[in-house]
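2 protein chains.
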Amino acid sequence: MTVPILLVLEADPPPRLGALAGRALVRYADERTLAAELPDADALLVWDFTSEAVRRAWPGPGPRPRWVHTPSAGVDRLLCPALAESDTVLTNARGIFDQPIAEYVAALVLAMAKDLPGTLELQRQRRWRHREGLPVAGGHAVVVGAGPIGLAIGRTLRALGMTVAVAGRTARPGVHGAEDLDRLLSRAGWVVCAAPLTEATRGMFGARRFALLQPSARFINVGRGALVVEDELVAAVLERRIAGAALDVFEHEPLSPDSRLWDVPGLIVSPHMSGDTVGWRDRLGEQFMELFELWEAGKPLPNVVDKKRGYVPSHDS
Amino acid sequence: MTVPILLVLEADPPPRLGALAGRALVRYADERTLAAELPDADALLVWDFTSEAVRRAWPGPGPRPRWVHTPSAGVDRLLCPALAESDTVLTNARGIFDQPIAEYVAALVLAMAKDLPGTLELQRQRRWRHREGLPVAGGHAVVVGAGPIGLAIGRTLRALGMTVAVAGRTARPGVHGAEDLDRLLSRAGWVVCAAPLTEATRGMFGARRFALLQPSARFINVGRGALVVEDELVAAVLERRIAGAALDVFEHEPLSPDSRLWDVPGLIVSPHMSGDTVGWRDRLGEQFMELFELWEAGKPLPNVVDKKRGYVPSHDS
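Protein chains in written order, with my numbering: chain B, 160 to 476; chain A, 160 to 476.
Bound conformation, chain B alone (with noise of 0.2 Å):
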């Protein structure tokens, strides 16, 4: 019995692969190298997520590699044309991100809520002015996208005593479908994107959508950059059509020195975190291994891309 070979993307190996020993033959590729390799391995998996690599170096069509996984929940930046026509399976790291990104959506909405910037830029300035907050319970959330990241956001926020709807692609209990997205947009006070980066959603938050919010209302993107035309939310703020925003992900990572992005007023910016807590390198490792053990038995794997679609089909069960 010949062991299968895993390409592993990614300079230094990564935690918990030790107990692989024996049971595959694992390489390791870079992106200059990954097209090389591809054609050969019958695993990859892409431990660097935030590589382009994968798109580039896809071999066609072709038997290997049989599986792909990405530590991720998006797969925007792997999912290319040959990869989705193949027979590949293609799974992510739905699960591991759900909790902390619902916690730092949490985070934002308060601290936007309380003027936490403006208290540390007030205490950077020493000056003591007092200001009122909003309340955070009985505020209005839509949260635009219905995985189980999106479920977990809305959770947390209805903890907090805010009436939220989710919003997917299509209408199942609990979840609003597309068609319902502008007229909750018009209603809301808070407006989180979890998203996944499709053909279909690219860009959807541009100049209409912010058209149709409160200028109380503020929005939050934790899904991907290139779901949000950048320039024309930085014009939305600036022009106080909204109230505030916050940004974790950017249609280029990392946000270049010089993006105007970095201070527009009343803009939030952090570096792509909102997921990774303490500890969710080993998380994403362990998953992987929980995977490896069924598709090394020749069983089914859970969390399998729909690569039409582009993200892992939420079911009502």
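Keep in mind the hints are simulated off the structure, nothing from the lab.
Built from N, CA and C at the ideal position, the CB exists for glycine as well.
Mixed in with the good hints, there may be bad ones.
Covered, in the sense of this in silico footprint (three residues per stretch, anywhere, with C-beta under 8 Å from a C-beta of chain B), are these stretches of chain A [said to hold, decoys possible]:
1. 294 to 305
2. 311 to 323
3. 380 to 387
4. 419 to 429
Since the structure of chain B is provided, determine the placement of chain A on it from the hints.
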């Protein structure tokens, strides 16, 4: 029938008092005139609740004023031995600040867990530096102060998935007594002080108790400044004996521009605003009117302060 004299300590009329026309003779005093006016007043509304003038101006034994209301939760600024020993009924703003303060504490906990202060500082420097947040769910918090504010903080932190112990002076169902406090502190990741300031609690958080905390613990004070020995907290934060702190209240308010507290790394300073959400003055005016109507009708008042203890006692029921 003579209408009662209501003395208001404040230059500007509070909201909602227009309804008193014909039912009370409303007079206004400032800190300078209070002593002269107080012996004639049937009731005193300490609308300027930051003032300590009532202590100095209290007329001593006598029938008036029969009722004093402060639109704050704490009564430490006005309660003096002569008032404590009098038959005067003292009421507070119990209930108004519970939910706002609970949300403010949640904002601080989440902001510290996700290093939002670090994010905002890096944004100011236009630097992209990814960091790992701490999970909040599963964390252990101790809330010191078992009045409605402390209980609301406990509920809100529990809603975020934290394990919360609430400690008051006396144990009752769901509340630890003071005898448990040190043991609870030694296990806590988060310590929230929301106790009333009394002779029993003044300086309760000093070097000895900070030494009980874990190096990973964070301390938040939304009670009164003098509950904390500020220099000893600063030392604990600077020497990394605890991981961080946030103070919304201070021994001397407003904090002087040259206070050392403004720029202690790891210490968030805010200007006594935790309970104040948009519309709070209206709500305080409404609450006073509700109490006035009961008082006018000779009915028992709610929110009566136990003047020996220095707060409104909580009961199990």
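Going through the hints against the structure:
no.	hint	in the structure
1	294 to 305	holds (count 3)
2	311 to 323	holds (count 4)
3	380 to 387	violated (count 0)
4	419 to 429	holds (count 5)
In terms of the numbered hints stated before, the structure departs from hint 3 and from no other.
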